[in-house]
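**Student:** Hints are included, so try docking the two chains, each in its own frame, into the full complex.
Protein chains in written order, with numbering that gives the first Met the number 0: chain A, 0 to 319; chain B, 0 to 537.
Not one of these hints is a red herring.
Derived lysine to aspartate or glutamate pairs resembling EDC-like cross-links, with alpha carbons at most 20 angstroms apart:
#1 B:K208 <-> A:D90
#2 B:K128 <-> A:D46
#3 B:K422 <-> A:D59
#4 B:K235 <-> A:D172
#5 B:K301 <-> B:E358
#6 B:K127 <-> B:D143
#7 B:K235 <-> B:D512
#8 B:K535 <-> B:E221
#9 B:K301 <-> B:E361
#10 B:K362 <-> B:E350
#11 B:K81 <-> B:D343
#12 B:K127 <-> A:D46
#13 B:K208 <-> A:D170
#14 B:K208 <-> A:D172
#15 B:K235 <-> A:D170
#16 B:K235 <-> B:E216
#17 B:K422 <-> A:D46
#18 B:K127 <-> A:D47
#19 B:K422 <-> A:D47
#20 B:K128 <-> A:D47
Away from chain B, derived, C-beta distances all over 10 angstroms, residues of chain A:
#21 T22
#22 L58
#23 Q75
#24 I113
#25 P116
#26 G127
#27 G214
#28 D216
#29 V298
Take a look, some chain B residues computed to stay more than 12 angstroms from chain A by CB distance:
#30 G196
#31 Q323
#32 S508
#33 T516
None of these hints come from the bench; they were simulated from the model.
Using N, Cα and C, we set each Cβ at its ideal position, and we do this for glycine too.
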Amino acid sequence: MPRSSFILRRLGRAVFTIWFAVTVTFLLLRLLPGDPALAVASPNMTDDARAALLTQYGLDKPLIVQYGLYLIQLVQGNFGVSFTQSIPVMDVLLQRLPWTLLLTVSALVLTTAIGIPLGVLAASKRGGFLDKLVQVIGVTGQSIFVPSIGVLLLFVFGLTLRWLPIGGAYDTDAYGAAWYGSVASHLILPAVSLMLIQLGSYVLTMRSTLIDALGEDYVTLAKANGLPYRRILWKHALRNALLPTTTLIGLQLGFLVGGAVLTETVFAYPGIGRGIYEAVTQLDFPVLQGAFLLLAITVVLANMLTDIVYGFLDPRVKTS
Amino acid sequence: MRKRSLVIATLAASVALTLSACAPSAPPEASSSAAAAGNDTLTIATTTDVVNYNPLIGNSRSDYWITNLMYPHLMSIDDTGKKTPELATEWGYVDDTTGYYVIRDDMKWSDGEPVTAEDVAWTMNAVKKDAPSGTFYGQLANFDSATAVSDTRVEVKLSKPDSSIIEEIGFWGNVVPKHVFEKAASVAEFPNDGSDGGWVGAGPFTLTKVQVGQSYELDRVEDYPLVDGGTPIPAKVVYRVFPDVNTEILALQSGEVDAIANALPPAQVDQLKNSPGITVEEVTGLGYAHMTYNMQNPDLAKLEVRQALAHAVDYDAIRTVVLQDQAVSTGSSPLMPVLSDYYDDSLTEYEFDTDKARELMEKAGYTADANGNFPVSFRLIYSLQDSVTSQWAQLVKDSAAEAGITIELQGTERNTYLAQTNKGDFDIYAGNFAIMDDPVTNFTLAYLPGGAINYTYVDDPQLNDLIAQGAVTSDQDEKIDIMRQAAKIVHDNVYDNIMYTQNLFFAHSDKWDGFITQPSELLSIVNPESLASAHKVQ
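So here's chain B without its partners, still in its complex pose (with noise of 0.2 angstroms):
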């Protein structure tokens, strides 16, 4: 007995051992002092960890609004889609295949190196060079190389004319301090995870403390120009991770947040307008969520099919129900309003007119049943972890259902999604796009021939032709022209069925103000202005 009492209790010592070892363990105290008076953290929700601290890389939201506030893009964007100055002062073009950009000659890496020229020019070539998976690459598909003329001038050589280039790089391509990045044999595997001596960047704060799974502590860079007083006004942001939303309110409603970096769900916002000690800010979108039906259907290719499908959506109900008023018509046109310059409102909504839908059918050829309903049936795909496509693919399948066209849901979670996508496994797709803040540039992926996401397979030699024109088209007055023909086209062709584009809104405390609103879920109020701005109300 005792023996076997002995035995046991070196098990249960064993298994204390072995937990012990893997048990948390505290982090050793931080060797700077307290922070001076005055000097306050500002906390921010957010759902999701970073997956990687490389910009060029980095996919999720919680990367973007992390690696944001360190690494400066060339250009901001302002409530129309107009690109604002950042770190470029002036952008153009030399000639049609040259632009080029001047950036400040003020700013500073956090280690105190100079923000050059050198810099911008070597970071756009390795991303050409090196292919990481994030947005920028993307952009770079007439990009041909980058030469820093000077400490302050850029001069982009580019492989086939192209009008947009300049300024959707200067958008989406952060800037990355080359005495740091080209120690890793390539940008596209380079974590930047701060094991090599912590972050270098150049933003208004620095990520010095990283707990995983919990929590990103950004410091303040003393010297930051871009910001009113030259200073950023917190001394610390802090995002910690809620992966679930309703955690995330509580946490603000408590006050352990002082602000959430996602955009509330529709359903959320009025009940945080109304609840004590939370503001709650209202962010233009400048993205739209659609349908697109694949011609690739021979029943889809059919025009009068295509409009009968876009005169059986209830689109006023959609934005008043699902998306709770929060929600402008695009006049079913990719050129939505937010685009002022581009926006033409001669083109209008499809109207909902189910008589008119099925006029449309029997116009096609099709012969309604006795119940009357026509012998088509549809396969629509969308993601269940998009919550407001997942609730109106269902209000549009009822009303196609009143026109007689039966119209079959398939949400899949998000991998099986992007696969149907990707081959072309549906007959029509639900889904959005966060930013849609170039027309040329969003007419080439989603119209042209082999464009990654022309998800209707359209290959119309008209609209082929004015895409390709408003590509090398430099005269902006000319060229909205040529954008709003290529719109009616897609307009009229159903092409695309552009349905609205959503207004966002973002919480935070009402014992912090001076936050600047951006455009966007990307930027909105945890843009590097907006954080570096933002101070407790006094």
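Just chain A, with the same shape it has in the complex (with noise of 0.2 angstroms):
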């Protein structure tokens, strides 16, 4: 199949993967109990009033009449205005949604930096102490509840040692240079939790991929050729291993950005995550609505580049 029509086709797949993730979004929504009205009106508000609330926000009208218009709305790229907040949803997001990037990304960059490595090193000793070190590691990070290793976290680095701050995303009376050196001091303790609920993933399915690639018979050819252990581990068997560890880190993207939900609460990290848990509990539906179709493409792009990657990666995926 020729590249350009490959492309295109997971561009087709991007483009109703996100269709589908709106339209349940919508429904989803709209079964939950109560309304946006009673979520936000205070105990002495007459019946009247919550209806007039109601008809304020459009949802009065018919389902199907409210989905059409939303449909409508988005292919104007307005994401409407937010019930609770009388501001453009986008407003609302783009305040948020940069924090949540710098902070996803940050994880993935450490997560995959620390755990290829771990897992190498582990299938290259295998059933040696370090290996057996690592797995417990992995196993461990896997159990992990972000708010328990987040409030730790803060309670040794932030309170005892006082080497890191305690919450937030910058210092308010930073600017310049300074500005920049506290982005990165406050986004330390976020990240590394978030490392290490993600990291025993990525080192065991390392570990397993790279020691069935050892076991291959180009390995054992490339031995018997006399290369050495060191070019056969890096440049032969690692290159076929990480094709899984490739699918897992756009798999994983998801479940970073529903971890950035509990971590952004704990780190008091202005992110998206906190804006979902705040729109919910208002139910406001425009600001959530933009949130999950924010975060629908974010995803869906992630996995799009990442089927892209492996199509270079792995020639057999543009032919099947």
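**Tutor:** Structure follows, in structure tokens:
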């Protein structure tokens, strides 16, 4: 299959996935118990006033009409207006999205930078002490609960050692270069937390796929040809073993975004995850729809890139 | 191979460019110079962001705390629930359907315009017309219109006599600048987000910088006549957002924040009282926690069953174990001790006595089975976000089981709980109210047919008459007597089971002093007068 056709098919699937996510989100929100007027109204609000609020929000129209209007609005690039804040949803989201991207991408980079070498190390010393240690670290990492590790890190590095700040994304009085330094210091603990909960998957996947690769005939042949072990490991076996890990990166991005909701809450990080939590408590449908759409686009794009990169790494994919 | 590398490099560059376009960017440096020596910044932690900067709409705690520093109320409140002057110096009634306020003549908006009676009247009329979702509008049921009869006097026409409305509007309603808010088509949809040249307020501080999800910075207003000396002491107040209460406490202990605006969870109070560098202030609660029994359920419509349930609760255990002795009994009366003028100590708490509860069930016609259980089961709803109620709900279930009454607990997330409450989809409702400052207003909402919080679905003609009388009685002694009679009916018929008033505790760094406490979590140590008076310990 030609490369352009391969990319076009991936794009088509991406558009369909995003439409599906939009539709499911729209319907699920309206299945939630309660309504936005009830969520924001004070206890002494009359039923008539609540009904007037629903009309103001456009929720008095039939579901199919609301859906149609929403799709038309989306096609025009309009995400709507927040029920509770009375400002455009895009403004609400763009204030927060950069921080979530910074956090998740940093965590992803950290995880791959540490997880892949650890997996390689474990596979190359299979059965040894290092292998066992890495496996213990991997399994433990998968069992960690974000808030627990978050509060522990804050207690140790924020309160006891005072090395790193507690909460927020930067110091409010920092400007220029100091601001970037402040952003970096505030990023460390949340990114490490996210990294710790993801690390296990990467290490264990890398280890097992590399062990499989090291048992392949071409590795035996390379050894017979007298190639140095290091070269066989890093140049030949690792490249093949990287394919499942590449898939994992795409898949895990969704989990990272999910984990970011809790991480952002514990570390008071001003990302979109916290925005979603606050919008859920107020049933702010437009903000929730916009946030989930943005996240769906992010995950779909990441997966599409993974597919494309996968295609380059493994030519068989393009012809399948 | 080279071509492939080029494509991968291009892809990587595209991703990097996309990310860098989305990357957070540094804020522009503030143009103002550094604060003068001795001008301190008071940093306060809160758990939520501001949802709405319009005080007529705002519904979260942070909305209230921050807008309260900019938009004055006509009245504040003291530890006994009595209203005290703020913007208004005098208030009362001209006749049964006309009330009035006299306001100070020395207050200014931060843009230099004077705060006038016209601002007050316009705010009230706009809220009545546009019906924003906040608490203010809910107080205007019997409000008809307001008129500024001079620069300092507002007269309010009522649609029917209401002896509480003048104080309730004065306490719950903020005053906003007419010359700013009138530009909006509707105050119910005006975001007041500062996008049109910043905020214009008349409190001790004005919002100047917002970093969504992170902080809200307010600068001192030099001329604020409601604080001693006429100028607030801190140069800035910064609210920082920490959604997790544990992180909030760590931030206080590490010195990143100077105070916490939210009331401390009961279990954290003793620990923080013993933490070096932390001072814990106690604040009187003005609300109550309660259970109501849905009388639309035929079993609960029987007085003996409600009485049995009321006698099957170990109130002392709840206050001791769950509330850590930080709550006081109200004598099972909606007139809590904090409302000292109204409180009636002849009403006493329902005694915890499971034998008595069994007797009452038998008197109601139920027979226990071989295991001692009566053939009834009640579904008790509560919000899982309310950790205190979630804990005592379990104790209620356990003690009712001792009396042979089955209670099925149904804790749900807040919106489901609100929907169930609104539909009457429960047998027993468990919850609490933060401020129940005016007995007539509370009784109207809670015990009159159709009342917004009449969760018992009570319709008792004698009680209805008393509440109606209380609403039109302006003589204070007579009004107190009427409301005590009404409270006795509520108590004796178990139309409501008021369990306690919780006193609240607030923590701040011992490097700061001068806070002035006011009742309730809304005012606590973060009321405008308190923050304007707070200062660093020398």
